[in-house]
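Novice: Listed in order, the protein sequences are those of chains A and B. So for the first sequence, numbering that gives the first Met the number 0 puts the first residue at 0; every next one is plus one. So for the second sequence, numbering that gives the first Met the number 0 puts the first residue at 0; every next one is plus one.
Simulated from the structure, these hints should not be mistaken for laboratory data. Note that beta-carbon positions come from the ideal geometry of N, C-alpha and C, so glycine has one too. Treat each hint with caution, since some may be false.
Label-pair distances were calculated between CB atoms; the ranges are [said to hold, decoys possible]:
hint: 1; chain 1: B; residue 1: D32; chain 2: A; residue 2: D141; range: 33 to 39 angstroms
hint: 2; chain 1: A; residue 1: R64; chain 2: B; residue 2: G22; range: 38 to 44 angstroms
hint: 3; chain 1: A; residue 1: H106; chain 2: B; residue 2: A25; range: 46 to 52 angstroms
hint: 4; chain 1: B; residue 1: D63; chain 2: A; residue 2: E144; range: 50 to 56 angstroms
hint: 5; chain 1: B; residue 1: E71; chain 2: A; residue 2: R29; range: 51 to 57 angstroms
hint: 6; chain 1: B; residue 1: D61; chain 2: A; residue 2: G48; range: 43 to 49 angstroms
hint: 7; chain 1: B; residue 1: A25; chain 2: A; residue 2: P93; range: 16 to 22 angstroms
hint: 8; chain 1: B; residue 1: L62; chain 2: A; residue 2: H106; range: 40 to 46 angstroms
hint: 9; chain 1: A; residue 1: G48; chain 2: B; residue 2: D63; range: 27 to 33 angstroms
hint: 10; chain 1: A; residue 1: F111; chain 2: B; residue 2: A33; range: 32 to 38 angstroms
hint: 11; chain 1: A; residue 1: E135; chain 2: B; residue 2: A15; range: 20 to 26 angstroms
hint: 12; chain 1: B; residue 1: D63; chain 2: A; residue 2: N28; range: 42 to 48 angstroms
hint: 13; chain 1: A; residue 1: F111; chain 2: B; residue 2: E58; range: 25 to 31 angstroms
hint: 14; chain 1: A; residue 1: E47; chain 2: B; residue 2: G22; range: 37 to 43 angstroms
Sample of chain A residues with no beta-carbon within 12 angstroms of chain B, all distances over it, derived [as the list claims (entries may be wrong)]:
hint: 15; residue: H86
hint: 16; residue: M118
hint: 17; residue: P126
hint: 18; residue: G133
Each chain, written out:
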Amino acid sequence: MDAPTSTTVSVQTEDFDISAEVERITSANREIGAVVTFTGLVREITGEGPITAMELEHYPGMTERSLREIVEQARTRWPLDAVRLVHRFGKLAPGDRIVLVIAASRHREAAFGAATFLMDYLKTRAPFWKKEHGVEGPVWVDARESDQQIAARWGRSGL
Amino acid sequence: MQVRYFAWLRERVGTAAEEIEPGDAATAGDLVDALIARGERYALAFEDLSAVRVAVDQEMGDLDTPISGAREVAFFPPVTGG
């Protein structure tokens with residue numbers, strides 16, 4: 000029987016170290032042949048102009064639960080050796096890292112597929128809210144219909 | 000039950016969480032109606048229900064989700080993480 004997927008989910012204010020996170024996963028399992036990482040960053044220029052800061056609010060408890068559910072969904076679709084999700088909250092500056100997704104598997108198809116799926120689902124299901132601080136003052140970011148459409152490509156199973 | 004608000008709903012209501020006696024509210028939508036009756040701030044927060052999302056005991060639901068026996072109901076705008 001395959002070893003269970005190693006899953007770690009963190010919701011934190013601190014930054015993360017991508018190399019260290021990858022090393023932790025791959026050093027623990029020499030069967031892994033493919034690691035895909037995605038890092039989301041705070042963009043300086045948004046639709047409303049330049050921003051000086053981005054504030055992220057979340058729903059403690061539900062956030063961790065929803066992230067673990069998203070990982071479970073991914074595990075039913077791909078053979079994964081490890082998944083790591085880190086999402087920051089609090090006040091961030093342009094260029095700061097917001098989110099890290101790592102998907103590790105024997106082969107690349109599963110790792111690429113799962114990393115894409117995890118981000119698509121995270122953007123439409125995890126209870127985080129962004130507030131941008133720009134020249135016009137603080138503005139809550141509106142959810143994007145395009146994110147819903149992108150996530151819909153995975154079908155409605157498990158909704 | 001504990002009622003929680005996030006993002007601009009929290010700002011409009013003016014609190015992050017409060018204890019509410021749900022009375023005869025059977026669904027999250029009934030609870031919204033009862034909250035709106037409490038005053039202007041709630042009416043403003045819930046003026047556009049298409050922009051309001053619901054979680055009951057930290058599970059995503061909607062305005063038709065039953066709340067009887069629930070410990071915690073949360074209202075918030077569509078999520079924008081990632």
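Novice: Any hints from earlier that this structure breaks? Give me their numbers in increasing order, please.
Specialist: 1, 2, 4, 5, 6, 7, 9, 10, 15, 16 and 17
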